Amino acid sequence: MILHPGVLGLLIGGAVVVALMVVGSLVGLQILRAWDPSSSSENQLALERRTYLVSALVGVALWIEIGSALLFVHTAEDLHELFVGAMCATGSLNANPVGWWVLATKGAMVLLFPVWLALNGLDQRAGDYPVVRLKYGLLVVLTPIALADLVLQIQYFRGIRPDIITSCCGSLFSESGDHLTSDLASVPAAGALPLFGLASAIFLAALAWARFGRRPVSMGVVAVLAPVILGIGIASIISFVSVAYYELPTHHCPFDLFQGSSRYVGYPLLISLVTAVVSAALPGILHPLARRSDLDGLVAKSEKKWLTVSVAAYSVFLVFAVWPLVFGNLALELM
Amino acid sequence: MRRHFRILDFALASLRRRRLKNWAIVAVYAFTVTIVSSVLLLTNAIRQEAALLLVGAPELTVQRVVGGRHAPIAVEVTETIATLPGVVEAQPRYWGYTYDAVTDSTITVIGAGPGSAELEMVEGRLPEHSTECAVGAGVAAMWGAEVGGEVILIDASTTGVLYEVVGTFAAPSDILTNDLVVMTGDEAALFLGLPEGWATDLAVRIANPAEVDTIATKIKRAFPDSRPITRSEVLRTYDAVFHWRSGMMLAMLSGGLIAFAILAWDKATGLSAEERKEIGILKAVGWDTGDVLELKMWEGVVISVTSLLLGLIAALIHVFLLGAPLLTPVLRGWSVLFPELHPVPHIDPYLLVSIAFLTVVPYVAATVAPSWKAAITDPDSVVRG
Chain A
1 MILHPGVLGL LIGGAVVVAL MVVGSLVGLQ ILRAWDPSSS SENQLALERR
51 TYLVSALVGV ALWIEIGSAL LFVHTAEDLH ELFVGAMCAT GSLNANPVGW
101 WVLATKGAMV LLFPVWLALN GLDQRAGDYP VVRLKYGLLV VLTPIALADL
151 VLQIQYFRGI RPDIITSCCG SLFSESGDHL TSDLASVPAA GALPLFGLAS
201 AIFLAALAWA RFGRRPVSMG VVAVLAPVIL GIGIASIISF VSVAYYELPT
251 HHCPFDLFQG SSRYVGYPLL ISLVTAVVSA ALPGILHPLA RRSDLDGLVA
301 KSEKKWLTVS VAAYSVFLVF AVWPLVFGNL ALELM
Chain B
1001 MRRHFRILDF ALASLRRRRL KNWAIVAVYA FTVTIVSSVL LLTNAIRQEA
1051 ALLLVGAPEL TVQRVVGGRH APIAVEVTET IATLPGVVEA QPRYWGYTYD
1101 AVTDSTITVI GAGPGSAELE MVEGRLPEHS TECAVGAGVA AMWGAEVGGE
1151 VILIDASTTG VLYEVVGTFA APSDILTNDL VVMTGDEAAL FLGLPEGWAT
1201 DLAVRIANPA EVDTIATKIK RAFPDSRPIT RSEVLRTYDA VFHWRSGMML
1251 AMLSGGLIAF AILAWDKATG LSAEERKEIG ILKAVGWDTG DVLELKMWEG
1301 VVISVTSLLL GLIAALIHVF LLGAPLLTPV LRGWSVLFPE LHPVPHIDPY
1351 LLVSIAFLTV VPYVAATVAP SWKAAITDPD SVVRG
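In order, the protein sequence lines correspond to chains A and B. Counted from 1, the first sequence has number 75 at position 75 by this note's numbering; the numbering is strictly sequential. Counted from 1, the second sequence has number 1216 at position 216 by this note's numbering; the numbering is strictly sequential.
Derived by calculation from the structure, the hints in this document are not laboratory data. All of these numbers come straight from a predicted model, not from anything done at the bench. Any given hint could be a false lead.
As the list claims (entries may be wrong) - Not the full set, but computed from the structure, chain B residues with beta-carbon under 7 Å of chain A:
hint, residue
1, TRP1265
2, TYR1350
3, LEU1352
4, VAL1368
5, ILE1376
All residues carry an ideal CB built from backbone N, CA and C; glycine is no exception.
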């Protein structure tokens, strides 16, 4: 199955990301080994110049990886036509379960990369490279994930054959199965919708508190809430948002939202939720850096920006999640 | 934000200053995009054509297999199949090929009937008597046959048979009807030399698509020498084959892609003395390495977007206006009477992303390090010469 245009694109993208990350990490390690900010030697100057190379390499790798994550979802979606029993990306991923691991590594990259980018932005704007060690330390964690992602992708695409009979979303996201997904699908809208509303209200209130109050504890609260909101957001999509879009009470598959028949609404839902969660988590994660005198002002400015982005992105997510409930033809039983 | 726009503005001016070099890169880049996009657009168009072709096809086709080869099937089998729950109707189909030595082409002969494809008459009607036939657009053009005229076809016993042309037809898909001659069912059976009571295969209509596989299993159980083929199986096979063909083409083009990436690397590395001086002066007046890197990035974006758009436009003209003369023999196969392909222009966002991944990603990756190399130019050494 390697000879599919989307698959070739993904593999070229994956290989380029790994190449950029490996070169970036090697240069990063070289910098770490001889880094001495107090020195004004020629060697230190050369190292400082090399930090720009690492930033450029990893920055490009990040954007390719984000595009690659979306391309992977769509390619899995496109491939389903080749399998007996598959109706969407779930079927393609079930055709070789390694696919779920690819999805996991891509998810990890998309969630971790922005942290690196934020660190890099602070570092470059500060002028005296205050977080070089932290930045390149994180790079050493990210590179193996990029490598694992490429290896798993190759394994996945090599392992899927059109003669495999696969099971699709009907069984994975059914209300009667014994998977976690089935548990999520069987959560009644009457319970899930109020929980989603309450969680969203708390999250937005916490974001506003952090944005205007600017206390360290508020940033911490938002950072803790962020993964919870990610979980509740995904559970809500499976439990009632998907149902409302399909106007079919028994169909809970989130992957069908990425199909043309659902007007590709899965993409804005996913992108806005991930953007909201990541930019909400950033202030809490990077706030400790504000204690450094050279970063204080920069961190404060960036935190404001991230929190504003988070509020905007979560509002977009809410609009897309609530739209079919308000304007759709399916009336969910809430009482 | 204004700062970024100003750097973009500077990048555009800088690209204009080195017009010749940049147009050379854009030309090669756009050519690469054209080739990759043509392959993907054409394959997509053929897949859609195939899907269109199968819209009117029966849900299930039943063939008989003898010694692993397709053999005629007894018409009486339809009676048993028609009694299966879920089957709307089962009809025999008579079709086959005949070779026309005069035009050196192979023609498909098919019996008119409920099992044959949906045909839209351009002129005249379908045949009703054994001496009549209707012809497809390609056959009509090749023989110069018109309604009311006559054609001679060579039957199974190599005897020439005279038919009156009573109609010409078109169908949603050229692939289906171009080389087609339609006769009455009985005449087609006789012409193709099928024994009485035997058909080429059977067309089975099934109301509920969810029951197709079960009915196919039941038919296989009742007639072990039969081979039921579902419509979705045929569609899946088409998809797999054309994906594979386009993937194969792209794999063959990978050498070109690598050459293109090397060219991009080379062009980005080979800074002229003038460019080095320019960067040196920029840094001397206060630009830092990050600003110069951003300038280089914007230059890359402008070159990529221009080449992508030019390449895509060229590919759209090549595939949808000219009928992809450079690629059709490889991707579609060949025959004397192959229909001209006039695919409906359709751009899938997924294709655009795939094209970008196959062309822009290698270009960007190849230019990162040279851009950095240019950005760290030391102003002192450059300005002093």
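Hints, one by one, checked against the model:
no.: 1; hint: TRP1265; verdict: violated (13 Å)
no.: 2; hint: TYR1350; verdict: holds (5 Å)
no.: 3; hint: LEU1352; verdict: violated (11 Å)
no.: 4; hint: VAL1368; verdict: holds (5 Å)
no.: 5; hint: ILE1376; verdict: holds (4 Å)
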